[in-house]
Amino acid sequence: MADKKKISVKKLIVDYILMSFGLFLYVLGWQGFVVPTGISGGGLVGLSTVLNYATGIPIPLFYGVINAGLLVVGTIVLGRGFGFKTIYCIILSTILFAVLPKYEWLSNIGLNTIPQDSPEAPLRYLVNPILGAFICAAGIALIFKRKGSTGGTDIVALIINKYRDISPGRVFMYTDFIIVASIILLPNKHLSDVIFGYIFTIAFSYMVDLILTGNQQSVQITIFSQEFDKVADALIYDQHRGVTALDSVGWYSKKEGKVLIVISRKQQVNDITHAVRDVDPKAFITVSSVSAVYGLGFSEMKRRTSKSSDNKIKRILKWIDSD
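Sequence positions in the sequence shown follow the working numbering and run 1 to 323.
Among the clues, some could well be false.
[As the list claims (entries may be wrong)] Subject to a maximum C-alpha distance of 27 Å in a straight line, what follows is the list of computed BS3-like cross-link-like pairs (lysine-lysine):
no. : residue 1 : residue 2
1   : K147      : K266
2   : K11       : K147
3   : K230      : K189
4   : K102      : K189
5   : K255      : K282
6   : K282      : K254
7   : K282      : K266
8   : K230      : K266
9   : K145      : K10
10  : K145      : K162
[Claimed, not checked] Ranges of calculated distance between the beta carbons of each label pair, as one might list FRET restraints:
no. : residue 1 : residue 2 : range
11  : A245      : V73       : 49 to 57 Å
12  : A181      : A275      : 41 to 49 Å
13  : H190      : W105      : 48 to 56 Å
14  : D209      : I57       : 27 to 35 Å
15  : D238      : G69       : 57 to 65 Å
16  : F84       : I261      : 45 to 53 Å
17  : L61       : I184      : 22 to 30 Å
18  : T244      : A68       : 49 to 57 Å
19  : I236      : F21       : 21 to 29 Å
20  : I184      : A245      : 52 to 60 Å
21  : V269      : G69       : 27 to 35 Å
Just so you know, these hints were derived from the structure itself, not from any lab. All figures in this text were calculated on a predicted structure; none of them were measured in a lab. Yeah, the Cβ is synthetic: ideal placement off N, Cα and C, and Gly gets one too.
Please model the entire structure based on the sequences and the hints provided.
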């Protein structure tokens, strides 16, 4: 019992150390690459950035106050308090947003030293959002892996989901679109600022997905071959992959045959296609992404105990905030 408690405490300490480092990366990406470029992104940080451009009030003030309000409203509407990890992430990220800009080295990273009237200035506006997106994605992915959350639009999505059958992902998409587009309403801002903001937002979302699920992404490979029996044997015995053979008929030739279907991880596609080509160079192969795979060797199917929206929200909250 004591050993389990030591492991639990050790895991908790590691969680908070890694979340702190992830928050540092997340804030570094924003303050070092996005804000100096004069663009915005999605989420509450993006909204705080737009408000900062409009009023000159520091980003951490907007970020901290709005997040505090969302925590109170979320607790009232959802009927429970939020986990300490969420509160910790909000407090530390607010502090980092206030402290990091005070260091001079922050303004010299990326391509911030390129003058705006320089011929290389367009490169700065293109490269900075991509670099910032990568750093922010690495930070936020590290936070998510440790069951942390920076609050913001996460809380908004949970509140809306309680009363409307709208997925959190769709809420994020709508809010990010509006926040990034709103920057064009400010003086001295142009359509290019909106475009570069969308570049940052899209790159950030893509990289978060890549980091969190890159090694877990699965594909369905469909193989059309007259040597289907030899191909299937090669995949089973050499590549150790399961194969399903479906009856098929070539409508032009009227010849009966088999279509082979293989489910694999994305990184295994090259090995499988090369194995097929070695047996039958004329084989026709298609590769399709699949959103989820449940079964032996892949994800386990989780049984749902209730279909109510309240239980669905509780599961999301537990995933975000559990210590």
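Do the hints match the structure? See the list:
| no. | hint | in the structure |
| --- | --- | --- |
| 1 | K147 x K266 | holds, 25 Å |
| 2 | K11 x K147 | holds, 12 Å |
| 3 | K230 x K189 | violated, 62 Å |
| 4 | K102 x K189 | holds, 25 Å |
| 5 | K255 x K282 | holds, 16 Å |
| 6 | K282 x K254 | holds, 19 Å |
| 7 | K282 x K266 | holds, 23 Å |
| 8 | K230 x K266 | holds, 23 Å |
| 9 | K145 x K10 | holds, 16 Å |
| 10 | K145 x K162 | holds, 25 Å |
| 11 | A245 x V73: 49 to 57 Å | holds, 56 Å |
| 12 | A181 x A275: 41 to 49 Å | holds, 48 Å |
| 13 | H190 x W105: 48 to 56 Å | violated, 29 Å |
| 14 | D209 x I57: 27 to 35 Å | holds, 33 Å |
| 15 | D238 x G69: 57 to 65 Å | holds, 60 Å |
| 16 | F84 x I261: 45 to 53 Å | holds, 46 Å |
| 17 | L61 x I184: 22 to 30 Å | holds, 24 Å |
| 18 | T244 x A68: 49 to 57 Å | holds, 54 Å |
| 19 | I236 x F21: 21 to 29 Å | violated, 44 Å |
| 20 | I184 x A245: 52 to 60 Å | holds, 56 Å |
| 21 | V269 x G69: 27 to 35 Å | violated, 47 Å |
Taken one by one, the earlier hints fail for this structure at numbers 3, 13, 19 and 21, listed in ascending order.
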